[in-house]
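S.K.: Fit chain P to the given chain F structure using the hints.
Single-letter residue listing:
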Amino acid sequence: MSLISLEHLTVAYGGKTVLSDVNLAIESGEIVTVVGPNGSGKSTLLRSVIGALKPSRGAVKRAPGLRVGYVPQKLHIDPTLPLTVRRFLSLPARVSDARASEALEQAGAGDLAARQMSALSGGQFQRVLLARALLTDPQLLILDEATQGLDQPGSAAFYQRIEKVRQEVGCAVLMVSHELHVVMAASDRVVCLNGHVCCEGAPEHVASAPEYRALFGTGTQGALALYRHEHNHSHDQDCNHGHHHHEAAE
Amino acid sequence: MTLLDDFLIRAALAGIGVALAAAPLGCFVVWRRMAYFGDATAHASILGVALALSFDVSVFAGVLATALAMATTVSALAGRGYAMDTLLGVLAHSSLAFGLVAVSFLQGVRIDLMAYLFGDILAVGRGDLAVIWGGAALVLALLWWRWSALLTATLNPDLAHAAGIDPRREQMVLTLALALVVAVAIKVVGVLLIAAMLLIPAAAARPFAATPERMAVIAALLGMLAASGGLQLAFVFDTPAGPSIVCLAAALFAASSLAGLVLQRHRG
Chain F
1 MSLISLEHLT VAYGGKTVLS DVNLAIESGE IVTVVGPNGS GKSTLLRSVI
51 GALKPSRGAV KRAPGLRVGY VPQKLHIDPT LPLTVRRFLS LPARVSDARA
101 SEALEQAGAG DLAARQMSAL SGGQFQRVLL ARALLTDPQL LILDEATQGL
151 DQPGSAAFYQ RIEKVRQEVG CAVLMVSHEL HVVMAASDRV VCLNGHVCCE
201 GAPEHVASAP EYRALFGTGT QGALALYRHE HNHSHDQDCN HGHHHHEAAE
Chain P
1001 MTLLDDFLIR AALAGIGVAL AAAPLGCFVV WRRMAYFGDA TAHASILGVA
1051 LALSFDVSVF AGVLATALAM ATTVSALAGR GYAMDTLLGV LAHSSLAFGL
1101 VAVSFLQGVR IDLMAYLFGD ILAVGRGDLA VIWGGAALVL ALLWWRWSAL
1151 LTATLNPDLA HAAGIDPRRE QMVLTLALAL VVAVAIKVVG VLLIAAMLLI
1201 PAAAARPFAA TPERMAVIAA LLGMLAASGG LQLAFVFDTP AGPSIVCLAA
1251 ALFAASSLAG LVLQRHRG
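Going down the list, the sequences are from chains F and P. Each step along the first sequence adds one to the number in my numbering, with nothing skipped, and position 235 is 235. One gets my numbering by counting positions in the second sequence from 1 and adding 1000 to each.
Looking at chain F on its own, in the form it has when it is part of the complex (with noise of 0.2 Å):
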């Protein structure tokens, strides 16, 4: 069974129809990427997911007792709340010393739990929440626009990471970006969304599609073949576009 699965999931507030008729579906250990321009839907998606918006149609279906690690597009923190690492990584629930700097070395953060959350730069503060998100031992990992204020480098640093979390940890990772490049590199499958489902499959493949150009233009696919690394296993596909694109990116 998937680990999540959303059917004909249709999300309207505001008197607006934000998502209609989106179907996902999660599988344990997959990196799934959701991109689209602004306002088509991501964040509203990933919000289903966690449980925060309730749907108008369709459904969200999670496995029993999944496990979910949450890291949020950006956290204000009010500079009248001291909090320090450690604190925070207890927050809802209290955790071990033990657990909470495996946590953080997971997340390339070893260093940081005795600082304030309000004194650290935005990496850091991305890599300390990328470390609560692991504290639970998530099956299933979602970060929306994990890297948001941080440059080129540091962002790809910071998928890369992802990356290797997902090896260590075996988790599934759900994330939402516009960065496309740096992201599409990372992940095994991409949704294209824009309100809808545009089209979906391997990262070069859906860079490629038409649907996928139209919205974004033709400029990713250079770069894409840079930052590809090697994928010798196969993926599913629904949209109906030739194999030759694949050979064509890398």
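Don't take each hint at face value.
To give an idea of the chain F side of the interface with chain P (calculated C-beta under 10 Å), a few residues [as the list claims (entries may be wrong)]:
| hint | residue |
| --- | --- |
| 1 | Ile50 |
| 2 | Gly69 |
| 3 | Arg86 |
| 4 | Leu91 |
| 5 | Leu120 |
| 6 | Gly123 |
| 7 | Leu129 |
| 8 | Arg132 |
| 9 | Ala133 |
| 10 | Arg161 |
Hints in this document: simulated from the structure, not taken from any laboratory. We put the CB at the ideal spot given by N, CA and C, even for glycine.
M.R.: Just chain P now, kept in the frame of chain F:
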């Protein structure tokens, strides 16, 4: 028993009780930027006083009910076209005005308006003391019980959702605690100065705290210091008690801000 016969002892106990509950709750008011929200709730309670007197129910019950009604109205109206501070400004001042007008309609009962606007801590009786400490204990118990969930929801609503916490429920817990504090503090500092008891000790505690828990504890200590010290100052200089408490709290805030600056420079 002789101890509680002394009106100064009763006043000090009342002030300390209010500070004990108001300061930790005030930390959330500061962290969540709800200062205006606290003000609006407090101002609305004068309407509660008028209603309680005209329907002949206890002032505590009347204030608690209006404060709750006010807080829920604000929560319900939030995000529906007006900016939060506009909405709160409108509601806070109009409810204060309606309350004052309503009080003027009360005939037969001569009430001392000043006592409700600025408090009348020296007139605290044994019954009041029981209400104050009961309310304070309830507020502290609420905060203790929901502490982690409240903090998580304060950080980020989506983070709370992902952890299975409903941020709206936590908001309701804070709203209830706020209404309780307003209801017990009205006798001590009055509606106009309740927000000061919430905000000032919390703000004064910030430079010395590295974790939220420590900030709440330090705020409670500073609040109690302000309450007992302010009362003594009022006795010595023959000044109004409620405002004297707030003046001392403000002086503590100024001193702590300066100390915070020095600490910061020293560290780095």
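S.K.: Of the hints stated earlier, which fail here?
M.R.: Structure breaks hints 5, 6 and 10.
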